[in-house]
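**Q** Spelled out from the first residue to the last, the chains are:
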Amino acid sequence: MAEIVKHLEPDLEELRESYRSGKTKEASWRKSQLKGLLTLLKEQEKDIFKALEQDLGKHYAESYRDEVGTLTKSVNLALSSLKDWMSSRKAKLPIAAFPSTAEVFPEPLGLVLIISSWNFPFGLSLEPVIGAIAAGNSVVLKPSELAPASSSLLAKTIPTYLDKKAVKVIEGGAAIGEHLLRCKWDKIFFTGNARVGRIVLTAAANYLTPVTLELGGKCPAIFDSFSSSWDKEMVIKRVLGGKFGACAGQACIAIDYILVQEGFAPTLLELLRSMTKKMFGENPRETKSMARIINKQHFLRLKNLLDDPSVQSSIVHGGGMDEDNLFIEPTILMNPPLKASIMTDEIFGPLLPIITLKKIEDSIEFINSRPKALAIYVFTKNETLKRRIISETSSGSVTFNDAIIQYAADTIPFGGVGESGFGRYHGKFSFDTFTHEKAILRRSLLTEFWFRFPPWNDFKLALTKSAYSFDYFGFLLVLLGLKKNS
Amino acid sequence: MPDEKKKVFDVESAASLVKELRGSFNAGKTKSYEWRIAQLKGIEKMIDEREKDIIEALHEDLSKPELEAFVSEVSMSKGACKLALKELGHWMKPEKAKTSMTTYPSSAEIVSEPLGVVLVISTWNYPFLLSIDPVIGAIAAGNAVVLKPSEIAPAISTLLSKLLEEYLDNSSIRVVEGAVAETTALLEQKWDKIFYTGSPRVGRIVMAAAAKHLTPVTLELGGKCPVVVDSNVNLQVAVRRIIAGKWACNNGQACIAPDYVITTKDFAPKLIDVLRHELEEFFGKNPIESEDMSRIVSVQHFKRLTRLLDEDEVSDKIIIGGQRDENQLKIAPTILVDVPEDTEIMKEEIFGPLLPILTVENLEESFDVINSKSKPLAAYLFSENKQLQKDFVNNISSGGMLINDTILHLTVSSLPFGGVGESGMGSYHGKFSFDTFSHKKAVLYRGFTGESPARYPPYTPGKLKLLKTLTSGNIVSILLALLGFSKD
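Just so you know, the protein sequences line up as chains A and B, in that order.
The first sequence begins at 1 in UniProt numbering and counts up one residue at a time.
The second sequence begins at 1 in UniProt numbering and counts up one residue at a time.
By construction, these hints were calculated from the structure, which means they are not laboratory data.
Each residue gets a CB set at the ideal place from its N, CA and C atoms; glycine is no exception.
Just so you know, not all the hints are guaranteed correct.
To be verified - Taking lysine-lysine and the DSSO-like style, the derived pairs with C-alpha atoms no more than 27 Å apart in a straight line are:
no., chain 1, residue 1, chain 2, residue 2
1, B, Lys29, A, Lys386
2, A, Lys73, B, Lys468
3, B, Lys82, B, Lys162
4, B, Lys212, A, Lys460
Stated by the list, open to error - Footprint (simulated), chain B over chain A, 3 or more residues, beta carbon under 8 Å:
no., stretch
5, 63 to 77
6, 260 to 271
7, 282 to 290
8, 407 to 417
9, 420 to 434
Stated by the list, open to error - Some chain B residues flagged as far from chain A (calculated, every beta-carbon gap over 12 Å):
no., residue
10, Leu17
11, Ile37
12, Ala155
13, Arg174
14, Lys212
15, Glu281
16, Glu313
17, Glu344
18, Asn371
19, Glu384
In isolation and in its complexed conformation, chain B is listed as follows:
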């Protein structure tokens, strides 16, 4: 209804939306296995039937090449959906827990229950995936959901609003489109969980808003993901993987895209040579004209990136690329060497097709460089040296880590995907998505035998002795105590 859509979504609208969804949740709509499966099947059908629309919208918003759109968004979303459909029965089952001497006799289990009404705030770079993936988790866990897609990817935002209304249960799943005002109105409400993907700056705002209502949050943020390149590698394979992770992934506009490279002074020339060669293989002599590369999402981000390049001390460090076309919002794959640490491009997350290379005397120094910055979402190492791999794992803290490749850990559903420190808190994917939108309730069943009078007042020294034997784990004493041989 066009009239309703034109109405401003303010705090009142947000409050009544939450009230409505809470009503649905409290009525038990979303809790049953059947409902969750029906919604997940709805999502699967939606992706299958409307794949073309999704890919078209991604092209409209980001000039995303079809293969990239398929692999990184459509396929991943479908995979997440299929996995949830397959495993849901298993995930929903209570987990039996062992019990120990201290609570004997008893039995215990951990029951997963939904949190209630949850808010998912998505972002613009993988606008379809980063909306649907958490929503799948929220639904699988039995919650009512409100999704707020990013306005910076308007075609997908509108498409999601239309599709979710068409394919899913509107009484419990809704989309709110809009920008800062609408998001602020949503953040004033009391949610049972907020899942946010985006920047650390807005992450702080989300967490502060959540704090007022004691709402738990998962924050999937970003950071400067470093790539350390050792000389001890198959350079061509390594370079191809770096290029794929950087420029074939939304043109560097990804939270886990390689942000900068660190290698030794000796090895750098070789690395640069192979980069130059492989970049041409991938994108041709004139990469700006290549159809295989996404564009920069908006004028604002285009200006931000060109500003990074045009700073003094930076522009003269460009050795490959640097060309730009404002009309097409495209910037060529650009490589820089040894840009000073105090420049913007070395301080803030680049999120674009610019790749600075830092050179060091020996590779161990790279650890200090990385540790001097805040913890990134991902860290990458290309090396066959087992000791260096071990040191990398032990000394670098990051959300996730990949040895000898980039990006791919995102596709492994048995690995938790999330950040640490400035790159975020909480994780998802696979069962971790189900868990992140669940409350794990501990249930303890106690029997009526084996009571120890030592628990209760009136207290006596004898009782104290008895208590000590019970917690000592000494089998003989415990047996005697339970048989009543150590009386008070």
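Isolated chain A (complex conformation):
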């Protein structure tokens, strides 16, 4: 680490110099970097799968679906949209302002810092990098040290495929993070938990650095009753995919817990149990149909959630823990106590509590009495319930009848609100989050409203009042001396 710290200032200065030289602003540079990322994803695919298997026990299909595939899609979108995103946007002006023109000109911020997380170590590192590069910035990426194989692969490949004088990977843990936060950045993009989010934001305040925080929260899934069995099977798969299939529940947008009407709960439980067996099989660790827990610390944290005897007794499926292999079976609980940690802290693991309510509409109050989540999921065909959820709750996003998949959409913003963060990205929102939209007004030196200038008098005041309210007729009257300032 001493080496990294010693080189930090000169390294950052080199990145700043690349930005100052204007190189990163050129469309050709941005395109070449994005193409470089595309090549990296293609050529290094096998190694990426290997690293994710090492760090998290992910099956390569899951790795492709959640990381390599979505990244490929995002780079392609950035490449095809770059010209459009980089162009100025004309702004409307009132006729009275003729012959001025107004536009909003997107410009890069400068040198940006991206701090990534361990659960989707490639996706959450490179998705913001795509935005930062497309927007013309120099970048430092700090991947999470908790996913060492991925961090190492990123550190090895990025300098090979991208411009190492403008895009740099700096590996390390909290200590390196602290050093980085003491430097001056033009933007910080942070993915992680709220505790560290506060530290990042406090450090950013020293330099008035704008920040995007992608945090987490307890994402609820409201499960209404379904009559058709076709529908039931489909949504159950989506629920399970949105929990156990998403890095074993270690995802900021994974379903944290389910809310269901008490009458329907037994049916739901049966469906969940049988589908879990079908999807994840008898030995999910061996078949890699589910990822493992990232490390011992998180394993023990999850184990602790279940240690409370009143929580233990609510387990209705699974519960098996393999400490040596850091593996926890898909586990379902029925009504664990609301005051237990499993219902107050973000679970971030393969434990799925089901909470029953008298009426499904009670879910609105339940959600509103808790911090705002990154996502709310609602499985229902009831249009009224859908409308009520949208207007009566607040969350980063709402998805109906599916889970997680909003991550792959690039026409809607991805970000939180309240405790789940602020700022957003994906698609053009990624470009915008690393851009300053500079307002430009161009005026002609020919025409002039001479009454703009002192010395002031009533006449000028009357003219100004008319002009400002676009009252052309009144303006004329004043000019002709037929109307006075009232």
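Knowing the structure of chain A, use the given hints to seat chain B on it.
**A** Okay, now just chain B, sitting in the frame of chain A:
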């Protein structure tokens, strides 16, 4: 009630104020279109009926000339209000979003929702406008609001407190008057958004306080706004606009006032001549006595500005003006030439009627000068040279930019008004005000058909292949995949 007003506003008062407003917000008071329109109409009525009081208070606080007060504060506030009233229905509508292959079949929209209870901290130089403008945005977006006006403009602060109580819904909109202690008490609370206008120094304090609660902030700060003057211009028009932007705008006490001028050594004498002439046209032979110029806001700022002038290496560079009257808190329009870079007047934001002119060999050097300082809120260029205009736009970063004029971009509601770097973060005006106080919630509606089994475990090589075709964008493969021809 006089007794209540005398009570100290401390952390407890702040906490209970936020609790009360949160109660109103959670009860849904502020969300409806009807409520927002009623409040906005209330503001419009307030400005219409009390225009005289507002202008009088501005004169009391800043000796602001009536026309200036009308144009820069009353009229702008009314305009913002009218625009919000006209467009609110449109702004509140969800925005449909296209969806792509990866989430097929689905539909999506972006819904604007209020953030909750927001804090607006205003400043003293345009004390009415810079309080009302963000409050209009906060209300339009459906939030409950607390406004903290600046104590350095006490007449307006008291007037705002009185008027907002009289014309608006007190259950959700409140004014807290006071200084550092009251502001600190407010900053300890958890807000859903803080909107601050003021200095970078206090901006840091606000952001650090907000960090504890993960509160998003918009900071409208300042900076040294440069004016680059080319020889290729209609000099009289250019100079008039510079003077209007500097001395006719609260006497240089504006965040977007021209701070300093850069021109070539050759052109400088001509520029100075025309400045001298036009200044006299505007303010007469004895500008300190002119009624058309605001005064310096306070003794503290007066002393700050005279200190800038009296520094060694600075006082001998004055070529026009320099006179001052401490009793009236007035300083004459003062122009200096080639003051050394390491003096205070060249390092800190002037915020007063002093205009240093820097001369360079050729105008391209001005870019280096500007880029060596922190990013300003606005940058101005006077030139008819198209290439120079293009280079200026591409190489200078600032909140906003004006070619061949000063200040005016503030009045264009279709342009975002905000800073970058040290000059701030976030923007407002027009719809940008509505957006800055809103959360844009993404809503995705998924259907029950077109499910790809490739999404789920158990995973197989066939599924991987299928996933790849789905994300490849290749229409034929996707069609085949969806029709189930590539089975696992």
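**Q** Against this structure, judge whether each hint is valid.
**A** Checked hints:
For the hint linking Lys29 of chain B to Lys386 of chain A, the alpha-carbon distance of about 21 Å falls within 27 Å, and the restraint holds. Using a Cα cut-off of 27 Å, the hinted pair Lys73 of chain A and Lys468 of chain B holds, with the two alpha carbons roughly 10 Å apart. Among the hinted pairs, Lys82 of chain B with Lys162 of chain B is consistent with the structure: their alpha-carbon atoms are about 22 Å apart, no more than 27 Å. The hinted pair formed by Lys212 of chain B and Lys460 of chain A fails the criterion: a straight-line CA distance of about 50 Å is larger than 27 Å.
Requiring three or more residues with a Cβ within less than 8 Å of a Cβ of chain B, the coverage given for the stretch 63 to 77 of chain A holds, as 7 such residues are present. Remark: the stretch 260 to 271 of chain A is not confirmed as covered by chain B, as 0 of its residues place a Cβ nearer than 8 Å to a Cβ of that chain, below the required three. Note: the stretch 282 to 290 of chain A has 5 residues with beta-carbon separation from chain B under 8 Å; the three-residue rule is met and the coverage holds. Coverage of the stretch 407 to 417 of chain A by chain B holds in this model, with 8 residues showing a Cβ closer than 8 Å to a Cβ of that chain against a need of three.
By the rule of at least three residues with a Cβ nearer than 8 Å to a Cβ of chain B, the coverage given for the stretch 420 to 434 of chain A holds, with 4 such residues. Taking the minimum C-beta to C-beta distance to chain A, about 20 Å, the non-interface status of Leu17 of chain B holds against the 12 Å cut. In this structure Ile37 of chain B is separated from chain A by more than 12 Å, as the shortest Cβ-Cβ distance comes to about 18 Å. Distance check on Ala155 of chain B: its Cβ is at least 21 Å (rounded) from any Cβ of chain A, clearing the 12 Å threshold; non-interface status holds.
Remark: the non-interface label on Arg174 of chain B is consistent with the geometry, its nearest Cβ contact in chain A lying 22 Å away (cut-off 12 Å). Not every beta carbon of chain A lies more than 12 Å from that of Lys212 of chain B, the smallest distance being close to 6 Å; the non-interface claim is violated. The claim that Glu281 of chain B lies off the interface is violated: its Cβ sits roughly 8 Å from the closest Cβ of chain A, which falls inside the 12 Å cut-off. No Cβ of chain A comes within 12 Å of the Cβ of Glu313 of chain B; the nearest lies about 29 Å off, and the non-interface call holds.
The non-interface label for Glu344 of chain B is consistent with chain A: the shortest C-beta to C-beta separation is roughly 21 Å, beyond 12 Å. Taking the minimum C-beta to C-beta distance to chain A, about 8 Å, the non-interface status of Asn371 of chain B is violated against the 12 Å cut. A cut-off of 12 Å between C-beta atoms contradicts the statement that Glu384 of chain B is not in contact with chain A; the least separation is 7 Å.
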